[in-house]
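Student: Here is how the chains run, residue by residue.
There are 2 protein chains.
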Amino acid sequence: MTDKLNRRRFLTHTTLLSSGLYGALKTPKAISSENTAEPDPTKVPGSNVSEYGLRSPHEDIKRLPMFNIISGTPLHKLQGSITPSDLHFERHHAGIPAIDPNQHELLIHGMVDRPLKFSVNDLKRFPAVTRTCFIECSGNFNARATPQTTVQMLCGLTSQSEWTGVPLATLLREAGVTTKARWLLAEGNDAAVMTRSIPMSKALDDAVVVYAQNGEALRPAQGYPIRLLLPGWEGNTNIKWLRRLEVSDSPFMTREETAKYTDALPDGRVRQFSVVMDARSVITSPTYPERIEKGWHEIRGIAWSGRGKIHAVEVSTDGGKTWLKAELQGPVLAKAHTRFRLPWQWNGKPTAIMSRAIDESGYRQPTLAELVEVRGLPTAEAYHFNPIHAWEVDAQGQMTFRPEV
Amino acid sequence: MTDKLNRRRFLTHTTLLSSGLYGALKTPKAISSENTAEPDPTKVPGSNVSEYGLRSPHEDIKRLPMFNIISGTPLHKLQGSITPSDLHFERHHAGIPAIDPNQHELLIHGMVDRPLKFSVNDLKRFPAVTRTCFIECSGNFNARATPQTTVQMLCGLTSQSEWTGVPLATLLREAGVTTKARWLLAEGNDAAVMTRSIPMSKALDDAVVVYAQNGEALRPAQGYPIRLLLPGWEGNTNIKWLRRLEVSDSPFMTREETAKYTDALPDGRVRQFSVVMDARSVITSPTYPERIEKGWHEIRGIAWSGRGKIHAVEVSTDGGKTWLKAELQGPVLAKAHTRFRLPWQWNGKPTAIMSRAIDESGYRQPTLAELVEVRGLPTAEAYHFNPIHAWEVDAQGQMTFRPEV
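As you go down the protein sequences, you meet chains A and B in turn.
Residue numbering for the first sequence follows the numbering used here, beginning at 12 and increasing consecutively.
Residue numbering for the second sequence follows the numbering used here, beginning at 12 and increasing consecutively.
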């Protein structure tokens, strides 16, 4: 580029730093394209078309396996609302089974007029529905978080896909549920034979037996060839590798709704069948390990609620003293990760940024103190902990997580 | 499963084959899970969590490279509306350049008050927008189609992603376009130095400089680290590996808008700057190579228009004599692949199924005969051919494409 352009650009920066909403955003730096040792991409032939379009080797984005039972989605590196299928979080109870879809069947039996078995191809022939929604593990809270915790480590156990399948109501209508039917057991074809009791009301409302995720077949880690989708309900009820639905008049009281996935309260009682995921939000950028510069940034994050649409997200840039309404990226869908954004001019002084979600039911995301008052101190098995998170910035621009209550 | 259940199931099938809307859909078959040689997934430990969730080895889904310049999306194997990023179609003019994002810059110059250069990180700090829309190659027509042509071979050069980036209007406001500015040149950093002229009206309307596709960084084959997104406009104007925008008062008349990407008309004239993609639809299932059984199916497909939202899709199951309105999967978004569905009870007799799209501008997808009357016989370089496609089913249930006019 010409010297003239270089000179004009410096003038530009001088101007923009003192005017223009986003002017201060840009960092002046020497134009370097002539001095680089990299080959000029316009002077060498590019690579060929292929069966799969791989990621750039310059991008480092992957799930974070932890304790050999979970792997979190890199939320701090994602934009928009879709989670690429190979980055969808994992929480298995006995690993990922290897299933031949031609051998796999779904049995519906119990309090039905006609017990039925469906092959995967049978299911694909029924009228289909597609919906975009999140699935979140009810244990999506990191009680061991430190200042050097990323969003992925903090709450990476939520992901969003565009799911396609057959409404469970259609299948239950085929089988003919009896008038006494109130619950059903959903069972997976994995080595845990994972089971959960689902109220008939949810099954007939918006439950879907899904076979496609983001356009193509489910990934094995998400239940290939079929899983139960219960929009807005805790992840483990969305039974993966679904093989059996038994209709009954009462819940089955499985291990996963008695010993596990119940919320111990300080007074010794437990919340049971606490299946709806409460509204939550998290800032995804800027967060640890980012180091930011003085000037304009866009605070970005996602908010979601198992009760319906996100009504609003409020963001504080002064440690919680004042709150501003963030912009929500449309279309705002029910029970779906909703991207929010707010411009922020950082003045170079230490502060903390945080976000809180309000859903269409009026539920407002609580502080950790509020949660602890009701549920006690969070442990590694704290379910349904959805506190407001804070991210601090120091005078050097280093972002860190603020883990204390 | 018990013998009792086996007996009940046979009774069930007898009943369902003669009643119930979708009863005839199910194929009775012996319950085989006891007799299989496959290991029982509930008796062996599953595989561990990992950094990436790969596809099942039982799924065969990939792009189809052709002529070393394109690869088509397997539309006939996709559900919903999102195209997984590694299956997004390709059309390159000199292959895929290897670009280091830290070396890449976007220059905006020409008729502007302040020529500017942006690093990729600069662009990410601006207020972002996310939108889901298709990109379609204007040459998305196969003049060599035979009865054994899949949807992928026929029109696989359209794909849909959730894109995130900075509105081009924001960047142009920073640079300050002069009052005489009417066009801009967009230039790619590939060995073709691909260039197209874009009217300022489109640039200021809904153009976006995107850096994210389906949540993560663009794939190299889709323009990593940044591409121009012109929703609804022919693919080649959505300049990949975008490195330069030159503002001017007139179009630049590049090779790609003079020798190429113009539509030759029978009278010797050409349509130039025919950039908006006309409304189109295609049935994705059942199509070749599927072989179907008598009974209920769901006809599925996608429809899209560069002019806005899909208003309706009509489907014929009797070779075009009568048409029924298909159901559209919401939310219906502007300039986006829209899934349509219609239940169909095939009676076992040969027929042809077809679909036609109507968009919110009132444009109706034409027949091939109507197109040929206006544009002449399609060649391998026929641009903007969007005819109604027909799929025949013979008495054995074999689906084939009907290529003749």
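Honestly, the hints are just simulated from the structure, not real lab data.
Do not rely on the hints blindly, as some may be mistaken.
A pair counts as met if it fits within one copy or between any two copies, since identical chains are not told apart.
DMTMM-like mimics (lysine to aspartate or glutamate), calculated; alpha carbons at most 25 Å apart, straight line [said to hold, decoys possible]:
id: 1; residue 1: K320; residue 2: E338
id: 2; residue 1: K213; residue 2: D111
id: 3; residue 1: K332; residue 2: E267
id: 4; residue 1: K336; residue 2: D124
id: 5; residue 1: K305; residue 2: D260
id: 6; residue 1: K73; residue 2: E62
id: 7; residue 1: K88; residue 2: E304
id: 8; residue 1: K332; residue 2: E301
id: 9; residue 1: K360; residue 2: D274
id: 10; residue 1: K54; residue 2: E301
id: 11; residue 1: K191; residue 2: D329
id: 12; residue 1: K360; residue 2: D133
id: 13; residue 1: K54; residue 2: E267
id: 14; residue 1: K54; residue 2: D405
All values derive from a computational prediction rather than experimental measurement.
Student: All hints are to be evaluated individually against the structure, with a verdict given for each.
Tutor: Do the hints match the structure? See the list:
In the homo-oligomer, the alpha carbons of K320 and E338 lie at most 25 Å apart both inside one protomer (14 Å) and across protomers (24 Å), since each shortest distance falls under that limit. Taking the shortest Cα distances, K213 and D111 never come within 25 Å of each other, neither inside one copy (29 Å) nor across copies (49 Å). For the identical chains of this complex, K332 and E267 are neighbours neither inside a copy (40 Å) nor across copies (56 Å), given an alpha-carbon limit of 25 Å. Taking identical chains as interchangeable, the C-alpha atoms of K336 and D124 are never at most 25 Å apart, the minima being 52 Å within one chain and 34 Å between chains.
In this assembly of identical chains, the alpha carbons of K305 and D260 never lie at most 25 Å apart, being 61 Å within a copy and 37 Å across copies at closest. Taking the shortest alpha-carbon separations for K73 and E62, both the intra-copy value of 22 Å and the inter-copy value of 5 Å come in at or below 25 Å. Taking identical chains as interchangeable, the C-alpha atoms of K88 and E304 lie at most 25 Å apart only when both belong to the same chain, with a minimum of 18 Å there against 46 Å between chains. For a Cα distance limit of 25 Å, the shortest separation of K332 from E301 inside one copy, 24 Å, qualifies, whereas the shortest one across copies, 62 Å, does not.
In the homo-oligomer, the alpha carbons of K360 and D274 never lie at most 25 Å apart, since the shortest distance is 40 Å inside one protomer and 59 Å across protomers. Taking CA atoms no more than 25 Å apart as the test, K54 paired with E301 passes in neither setting, with 35 Å inside one copy and 45 Å between copies. When the C-alpha separation of K191 and D329 is checked against a cutoff of 25 Å, the pair qualifies neither within a copy, at 55 Å, nor between copies, at 44 Å. Taking identical chains as interchangeable, the C-alpha atoms of K360 and D133 lie at most 25 Å apart only when they sit on different chains, with a minimum of 22 Å there against 61 Å within one chain.
Only between protomers do K54 and E267 lie at most 25 Å apart by alpha-carbon distance; the minimum there is 19 Å, versus 60 Å within a single protomer. Taking the shortest Cα distances, K54 and D405 never come within 25 Å of each other, neither inside one copy (44 Å) nor across copies (53 Å).
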